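Protein chains in written order, with the numbering used here: chain A, 1 to 186; chain B, 1 to 186.
Keep in mind that the hints were calculated from the coordinates and are not lab data. Take every hint as true, because none was put in to throw you off.
Where chain B lies over chain A, by a calculated footprint (3+ residues, C-beta under 8 Å):
hint, stretch
1, 6 to 15
2, 53 to 61
3, 66 to 75
4, 109 to 117
5, 121 to 132
6, 140 to 152
7, 169 to 178
Because the structure is a prediction, the values reported are computed rather than measured. A virtual CB, placed ideally from N, CA and C, is assigned to each residue, including glycine.
Number of protein chains: 2
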Amino acid sequence: MENVANKKNGVNVDQLVDTIEAVKNDPEVADFRFRAKTEWLGGGHSRTTFKNFYGAKQEDSSRSKPIVMEGDEPPVLLGNNWGANAVEAVLHALGSCLSVGFVYNAAARDISVKSLEFELEGKMDLHAFLGLSEKSRPGYEHISVKYRVEANAPKEELKELCDYVQKTSPVLDMLRNPVKVDVEMI
Amino acid sequence: MENVANKKNGVNVDQLVDTIEAVKNDPEVADFRFRAKTEWLGGGHSRTTFKNFYGAKQEDSSRSKPIVMEGDEPPVLLGNNWGANAVEAVLHALGSCLSVGFVYNAAARDISVKSLEFELEGKMDLHAFLGLSEKSRPGYEHISVKYRVEANAPKEELKELCDYVQKTSPVLDMLRNPVKVDVEMI
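Between the sequences and the hints, there should be enough to build the whole structure, so can you do that?
Put into structure tokens, the structure is as follows:
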């Protein structure tokens, strides 16, 4: 049976502490490799599946069936709205990353979060994607994130927590700083 | 009725040409603002919804109901696998972006794509996310993308097409180059 007592914000704080200790004792525990396969389905439509990954020194097979994400464009960008498009998916990745970071770190600090939401907006210019200009960049020029939180801590403490979360957020890091990406035909 | 004759790879080539012409005639047509809202649901679980966005000089309301993406962590990272996690979602965003870019540009070049798939892997070190080291970065150190394509063009031409797609891919640009992200409490 689940021990309810050691949970905060739905996060198992004992497991969180154990994970941190395990990494301190053996840095290799922290090495993860996440994997995905994206298949083109026609036009702007694609489907990504996620199953196993490597982490905590072993292959993880906790997913009995694959997790699926669909991507598509809206009609104005020649698609059929079968899914959010790729740059919208980036907003989801960022929102979910900040959500996890905020709530896990709140749990570690014994802050109870009642509600948390993020409104995200990305501004982009399609010229580069359409091959019409090398002056503008293909991706978002700017992303704005606004968050609302209800928790049992003063506003200043929650802001400080969010500042910390921003420093440690994997997706925010990948947006704010360059990532090495290799693309190869097989 | 849909005119099948002007489609290539499921892409309406006439609409693609019209879009490019519209942007050439009025650069503001290329200004887009995509939006998302991420709500925390408990523990590592969050839900992002997408509905309207701004583009082609108007609010787009083609989505009669919101598009939804779920995010969660696997049990080893204190979640319940209700969805892919945030860094996996980045792999989806990248795969779907390259898929759209490849297929749309193939259509514009009159190349018929029969199949296309991407295998993506991101390597990360959890030390920074766990607050245990400022030496490693929070995000992926490296992303590897391998793609397989069947199309009626020589391998070299498909590689050249993929090189072009990489230069114009919004998500790849956002990974390889820094993006300005503002985070604000409201």
